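Chemist: Below are the chains, spelled out letter by letter.
Number of protein chains: 6
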Amino acid sequence: MFPIILSILILSTTSNAAVQDFCVADLKAAAGPTGYSCKNPATVTIDDFIFSGFRKPGNTSNTIKTAVTPASADQFPGVNGLGISVARLETEQGGLVPLHSHPGATEIAIVTQGSLVAGFISSANTVYYKSLEEGDTIVFPEGLLHFLFNSGNGTAKAIFSFSSSNPRTQLTSFALFGNDLPSDIVGKVTFLDAEVVKKYKGLLGGSR
Amino acid sequence: MFPIILSILILSTTSNAAVQDFCVADLKAAAGPTGYSCKNPATVTIDDFIFSGFRKPGNTSNTIKTAVTPASADQFPGVNGLGISVARLETEQGGLVPLHSHPGATEIAIVTQGSLVAGFISSANTVYYKSLEEGDTIVFPEGLLHFLFNSGNGTAKAIFSFSSSNPRTQLTSFALFGNDLPSDIVGKVTFLDAEVVKKYKGLLGGSR
Amino acid sequence: MFPIILSILILSTTSNAAVQDFCVADLKAAAGPTGYSCKNPATVTIDDFIFSGFRKPGNTSNTIKTAVTPASADQFPGVNGLGISVARLETEQGGLVPLHSHPGATEIAIVTQGSLVAGFISSANTVYYKSLEEGDTIVFPEGLLHFLFNSGNGTAKAIFSFSSSNPRTQLTSFALFGNDLPSDIVGKVTFLDAEVVKKYKGLLGGSR
Amino acid sequence: MFPIILSILILSTTSNAAVQDFCVADLKAAAGPTGYSCKNPATVTIDDFIFSGFRKPGNTSNTIKTAVTPASADQFPGVNGLGISVARLETEQGGLVPLHSHPGATEIAIVTQGSLVAGFISSANTVYYKSLEEGDTIVFPEGLLHFLFNSGNGTAKAIFSFSSSNPRTQLTSFALFGNDLPSDIVGKVTFLDAEVVKKYKGLLGGSR
Amino acid sequence: MFPIILSILILSTTSNAAVQDFCVADLKAAAGPTGYSCKNPATVTIDDFIFSGFRKPGNTSNTIKTAVTPASADQFPGVNGLGISVARLETEQGGLVPLHSHPGATEIAIVTQGSLVAGFISSANTVYYKSLEEGDTIVFPEGLLHFLFNSGNGTAKAIFSFSSSNPRTQLTSFALFGNDLPSDIVGKVTFLDAEVVKKYKGLLGGSR
Amino acid sequence: MFPIILSILILSTTSNAAVQDFCVADLKAAAGPTGYSCKNPATVTIDDFIFSGFRKPGNTSNTIKTAVTPASADQFPGVNGLGISVARLETEQGGLVPLHSHPGATEIAIVTQGSLVAGFISSANTVYYKSLEEGDTIVFPEGLLHFLFNSGNGTAKAIFSFSSSNPRTQLTSFALFGNDLPSDIVGKVTFLDAEVVKKYKGLLGGSR
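Chains as they are written, first to last, in the UniProt record's numbering: chain A, 1 to 208; chain B, 1 to 208; chain C, 1 to 208; chain D, 1 to 208; chain E, 1 to 208; chain F, 1 to 208.
The following block holds chain A by itself, in its conformation from the complex (with noise of 0.2 Å):
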């Protein structure tokens, strides 16, 4: 069958061909705008499109008792340049997710356990937001606030799908009060009184 195997090398390009089926992100190497550099696809395995951190619980021994585990293309090399990641969620009774948006995904959230209370504000500010049983799935559009919280008894557990293989998370309370923009110009920009305005930046790690 020599023939028909030379055709094919006819047909198909050489090895070069495989950077196009996939750019498994080399993350040491510089990024352009639509995401990292390609590993040379002649060391890529299947263990670069294969993401094993969701095998053990994540750590929801904290203020919100949950734990967001992204699988990203930092932490998942495969997905780099497919416009597509996941992350799962696990949040214990009384858990939640901050209000927070991602800046150029939208997101599918699943529920897989329990019963989570979730929602969205559009830019006319109309919430849309409703209690969710396990099974329910839920779109976020892309870029704009929602909230996720346990609804239950006990754990509730979601998947997060978003149309990005990197979508960053702006979390609003950390945005205002997590970091070094001075309390007066936070408080000009959101209305907010001085006095709230210091205690959050001393409750969320902020200062000035």
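It should be emphasised that the hints constitute simulated quantities derived from the structure, not laboratory data.
Bear in mind that the values here come from a model prediction, so they are computed numbers and not experimental data.
Please note: incorrect hints may appear among the correct ones.
A pair holds if it fits inside one copy or across any two, identical chains being indistinguishable in the list.
To be verified - Once the Cα atoms are required to be at most 20 Å apart in a straight line, the calculated SDA-like pairs of lysine to any residue come out as:
1) 65 to 185
2) 188 to 93
3) 157 to 113
4) 130 to 155
5) 28 to 60
Got chain A; can you put chains B, C, D, E and F on it based on the hints?
Modeler: Just chains B, C, D, E and F, lined up with the frame of chain A:
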């Protein structure tokens, strides 16, 4: 506080702006190259952004012992135009998802129960596959052939996430044998013998 | 010169081709995921490509002493589908643009009069801000929280440019306090005290 | 084989899914920013995906001794939304394609008969051009001015391929002289003398 | 004319601007998600934009009596980043292009000599195919399985155009039988009998 | 509040995430098809997002009495990869911006002082133009020829906004006459007489 309320009217646009935050599919209107037309935003509710089809188990009483429940724009109008959708896999012992591709979508699969062997084939005909345990996550790059099968003793489940609001599925064996493409053509373009083609045409619902 | 005139008919397509040079918004027809439907090109005139809303000054007689006049697809149908729009800022002494984000649009601001402090907050909660003089120009990357305030003694003005024909605006404080999201939920997902939430709900027009 | 046939119904979506494989242009419906609305997929046939306009020769009996036969979405509805289209060039001895650009499309030209000189001009005003023989292929990057002319003794032919389903054509000399833009304006913005402008307005069908 | 020459320096950017008109592939540098890095524009010449590989005939002395000569970014660096590429088909009497897909690219085929039967299969398993004569043109929508075979008495030729600078090719039978994917897995995910799989593994160069 | 600070480490990714919020151009590194490589985010400061080149007036002492000051990625590295940039126009009485196009970018022009006539020409050779006063805003759709000239008694100024971080400029008369494209070719592809071509080659700095 009348003046501040007034200012928001100046700063944001009118009710039509909501059209741009999302474009809930109007399944009865004409579609365009990027998806369905948008439902009138004044009639959109939280239920347009929620899919409840994963609440009940799928029906795995079929030859492949498998149910794939899609939540694409057709079933989940809120994802229209947002470049993302999901699906759920349930597969009994011995069950499988036949070889297939999604034209124009990357897929991420997260194993939520049991064990699955999952793999994909590059355009250079290299095979990338591995046995996955609960929590393992794999990415199948856009447009490439891939498969999954239950490799454990019980039911296996997974969540699929796609980089498209409508990741269609081209199942290889059904594309080859499950339609009216004449058997001699099928044989010619696949190198399969006439008798093989005819046998599988019979098995998979094809004619001619 | 009949033959050359004839040749242009051969070389270019018919009147419908104009649809592709531009897609002036038909604000009354159904929209799709990428914008409004196109007005019939035979009825398009130069006025569809011109916006005159910046001729007269905006009304800054409000609590924030500021007017933002948008020229997005809703006001300026000629930009529909072209991935760009603009707006004008006028802000009196002591005026400000509250903290906000544009879901899915980058913004460039050019100071055309006076002094403004402008800044944005990254997803890593790093703050980038500076005092700008007339002629200074700043870019606020897509989807990130940003703000501006008048830091001089007179009126300040700026031109805003957006990488979207409809850069909606999500004003943080109005998203938090200017709607009917129950106060206990607002408090839970922002860590703000109930009394703080209720106070600002009152101030910014929210209920519940 | 009933169960396998059943399973395919579970795995794939309903007839509407075909809309997403392709979006054959409905030339009579409203267009949107990304192309024409889709024809009802139930009425689509193989003929929507085939263009037969290259079967017969074009008419080169014109001043430029050239025929360009387009197969864009207007003539070839199957390419709508797919980001590609083609055209055929036939040019007699001494014939030419005048200087022009395609707003928003890259072009590849493959010489299938004869000899052509082909070139383009960069935004830095560098000229890239060469004499091409049968089989030679050239790329004209998106939006840049380019030209071709027959440099041999007989008919030359080429196939053009475009990175757009509707690569409109802006012919420089017709844009300058083939419309009602007043001659003084044409002269002002091109530095051409009034008499030159008027002469070519006369030749190329312009007025005023 | 010194002042006008000066003005062009003000109006256009420096030599680096050429990088943006085109991005000729530097095949030895790292690639990114959207293609190869750009060659230094100062070293770019007209030859980077010309491909001469179609000057001589391809070698059709193989089992499928067919030569496909690609002009993608690997062979034709000038198309890098421009979303388009081409290829040439030559197929002797009885020759064929086996069933395959291009992950992420639409293809247009123009018959330039002879007769070809060409077709594609939708994700709904509908087959669209027809016999084409010289001049006939067909579009194969993105990512779908398609095929061509010589249906005439002599050599047939075609030009292929792709909506990608690197339209990789996944040949179904080689993906199934031309690698080391274990035969039992191939059988399981295609429903093919073990003996069929092994026979074609032998014929098409596969192992295991 | 240690636990909440801890939770943010869990919820957001490490310092590398900043790469994704923005991609400040590293002007000395290799570029790719979508722009420059990103500067190391650890070295990015607010000054990377600010352009001060509009603080001082441009030099209008040239033949066209006009200065266009660009703030594209080359001058304003913070806009790299963000799909937007700006420029400033100053034009004395009698001044003008010659006919030109931006390959791949739409432009919006806002008149900030004086009077300008502005217009563009469609691919159907229809001219859309009008006299604009201060505050008037016009959009020039992607890739189409357009022009502006001062129609008042004093200096006119405008702000330009582009839908690209590097909107190159192709000035028609310089593309025709300001390079070494042989005069006979220029004449052939524009229908201009040899003497006209030679005269303007002399005026605009061209040779041959």
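Chemist: Now tell me, hint by hint, if it's right for this structure.
Modeler: We went through each hint and held it up to the structure:
no.: 1; hint: 65 to 185; verdict: between (31 Å within a copy, 16 Å between copies)
no.: 2; hint: 188 to 93; verdict: between (36 Å within a copy, 13 Å between copies)
no.: 3; hint: 157 to 113; verdict: both (5 Å within a copy, 14 Å between copies)
no.: 4; hint: 130 to 155; verdict: within (18 Å within a copy, 31 Å between copies)
no.: 5; hint: 28 to 60; verdict: neither (31 Å within a copy, 44 Å between copies)
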